[in-house]
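Participant: First residue of the sequence shown? That's 1 in full-length UniProt numbering, and the numbers climb one at a time after it.
Derived by calculation from the structure, the hints in this document are not laboratory data.
Below, a list of computed lysine-lysine pairs in the DSS-like style, where the Cα atoms sit at most 27 Å apart:
1. 189 to 127
2. 346 to 127
3. 128 to 346
4. 285 to 341
Here are the in silico distance ranges between beta carbons for each label pair:
5. 339 to 218: 43 to 49 Å
6. 345 to 163: 31 to 37 Å
7. 212 to 319: 44 to 50 Å
8. 200 to 222: 16 to 22 Å
9. 154 to 183: 39 to 45 Å
10. 340 to 257: 41 to 47 Å
11. 200 to 344: 34 to 40 Å
12. 216 to 125: 26 to 32 Å
Just so you know, even glycine gets a beta-carbon here, dropped at the ideal spot from N, CA and C.
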Amino acid sequence: MLSRLTSTATRRIPRHVGGICSQWASIDTATDTSSTTSTSWTSSSPPFGSSVTFSTAANSGNDQQNEQAVEEQTSLLDKSDKNILQKLFDRHSISRQTNRILIAESFLEAAITQASDPRWYGPGRIKKEFRSYQAILTMHIWMLHKRLLLDTEDPHSAHLIQEELFDIFWTDSNNRMRAYGVNEMLLAKNLKTVQQYTFMHCFHYDHCYSGELLENPEERLEELKHLVQTHILLLNPPNDENDGSADDDADALDDTSDQAERIAWYIEAQYQNIVHDWPDDWYRKARVAWVDLPDFSDMVDAKGNILEPFPVDPEDILPENWARNIANDGTYYYWNTKTRKAQWEKPEAN
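Make the full structure from the sequences, and use the hints.
Facilitator: Structure follows, in structure tokens:
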């Protein structure tokens with residue numbers, strides 16, 4: 001495995017960014033939700049407060065190592081020690097196919113669980129619509145994609161897992177379009193549009209974590225804020241027209257600056273957590289522990305006024321161990337992550 005880019009310097013992180021949460025996905029254990037890990041986060045007394053420090057890849061004292069890691073990402077497949085027959089066996093073996101499908105499904109389920117957290121759409125003030133949810137889900141899929149790119153132990157298998165991951169991601173996107181009432185005849189056309197937006201979003205993340213921005217955390221944070229406002233909050237950049245829309249767009253960007261910054265810090269923490277600090281044995285078993293969501297309390301507008309709190313929608317609250325998923329026809333169902341029981345009706349709280 002590539003030497004992880006560990007930092008000799010630390011940056012103080014705002015108190016509204018949380019720590020590791022206990023949301024797991026596992027292909028070998030259906031009920032294991034109690035595992036713990038040590039991470040680069042430090043705090044004398046959780047929950048994390050203003051004393052928390054956060055190591056970023058950009059602050060590494062070894063710049064040459066950073067550049068080498070970025071360059072090697074594009075050539076991992078070429079460095080695989082597998083010959084053509086071994087690669088063909090990996091791709092077409094039923095057992096290998098089954099294993100990587102299970103891994104990819106676990107990765108996607110972990111991303112869906114994090115993206116579906118109702119705090120994004122309540123206190124986080126993110127719109128409850130297709131494109132906003134797709135953007136939140138894309139953020140977490142991209143993190144997993146970057147970790148797979150760094151797999152030097154078996155890069156060919158990691159490449160195949162990526163293919164499976166994006167295949168089922170597009171299937172999930174199709175199912176959610178059905179839930180929004182998109183006609184079956186128009187699914188393929190709309191999926192192409194969704195893929196275009198998704199790849200634009202991913203390319204924007206790639207831009208933030210490469211080149212000069214990788215070595216400049218302050219500028220990267222500003223670019224991440226712009227990314228959040230564009231792809232997640234769906235705000236338009238100010239234009240030059242004289243119809244008043246430019247002022248409205250500028251005001252909207254200013255009023256969401258605090259919100260965007262908190263999400264940008266979350267992205268920073270999540271990138272460090274998944275790409276660099278994820279224990280290899282957990283990664284091999286498709287077990288994911290995400291950094292917790294930002295604290296969205298006491299957000300302020302452009303004038304410094306505290307925004308009125310948005311509560312979590314009661315319809316989004318499920319009993320413990322229950323999750324919502326979507327069937328191929330676009331119908332949502334509920335399943336218990338411990339007992340594996342599935343049902344169409346929303347479970348009632350005990």
